[in-house]
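Enquirer: Here the protein sequences come in this chain order: A and B.
For what it's worth, this note's numbering labels the leading residue of the first sequence as -6, then goes sequentially.
For what it's worth, this note's numbering labels the leading residue of the second sequence as 275, then goes sequentially.
Rather than coming from a laboratory, the hints here were simulated on the basis of the structure.
Hints may be right or wrong, so weigh each one.
What the hints assert, rightly or not - No more than 27 Å apart at the CA atoms, straight line, and that leaves these computed lysine-lysine pairs for DSSO-like:
#1 B/Lys347 with A/Lys64
#2 A/Lys37 with B/Lys352
#3 A/Lys71 with A/Lys8
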Amino acid sequence: EAGVAQSPRYKIIEKRQSVAFWCNPISGHATLYWYQQILGQGPKLLIQFQNNGVVDDSQLPKDRFSAERLKGVDSTLKIQPAKLEDSAVYLCASSHGWSNRNTGELFFGEGSRLTVL
Amino acid sequence: AQTVTQSQPEMSVQEAETVTLSCTYDTSESDYYLFWYKQPPSRQMILVIRQEAYKQQNATENRFSVNFQKAAKSFSLKISDSQLGDAAMYFCAFSFGNEKLTFGTGTRLTIIP
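Isolated chain A (complex conformation):
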């Protein structure tokens, strides 16, 4: 089966500009996650969707970050305006979610590396 797809792989922007990242999860996966991974750190959850509803966005900086999953399939993460500290890799992951097929395993995409200058 096809894996989690993310784009773009790399993005360089100036501070105060905006950027958007796209993710297409594995087919049939109900749950989608966006993680932020700053260099030298472990991934930190930004937002978790179950179908098209938000389960957890407690660590999403809502003054500048937004995310949507309108049809319960692919998702977009937006940053506007970007700050220097937003430089990171943005990882999308998916899982079977709230079903008896859930093993707790997340499947990750290759990530989108953002550099803010």
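Based on these hints, arrange chain B on the given structure of chain A.
Expert: For chain B alone, coordinates are given in the frame of chain A:
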């Protein structure tokens, strides 16, 4: 809130030797999952091994095995017969039920030829 601690930022091992990566966690839950994920340079994160907390038997996957000590909240990863392809960042992670993964800060593993 759950926390995961990896106290070894970097480890190195000779090719074909055995190495153990440490992980401790803190939770008040009794039924949960623990994972080790591998992240090669510029490549996607993949699952190495998974342990369900209610199972007393330690998980094994070929050359990878864990030492799960529930009372001590310890979950170490042993890699036997280390290979060059094992070089990567290794993350310990915790999950409760159907919720998100909480990751440690990672251990960078270098394989010495």
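Enquirer: Now, for every hint given, state plainly whether the structure supports it.
Expert: Comparing the hints with the structure gives:
1. B/Lys347 with A/Lys64: Given pair B/Lys347, A/Lys64 is violated - Cα atoms ~40 Å apart, limit 27 Å.
2. A/Lys37 with B/Lys352: 25 Å, holds
3. A/Lys71 with A/Lys8: 14 Å, holds
Violated hint: 1 only; the structure is consistent with all others.
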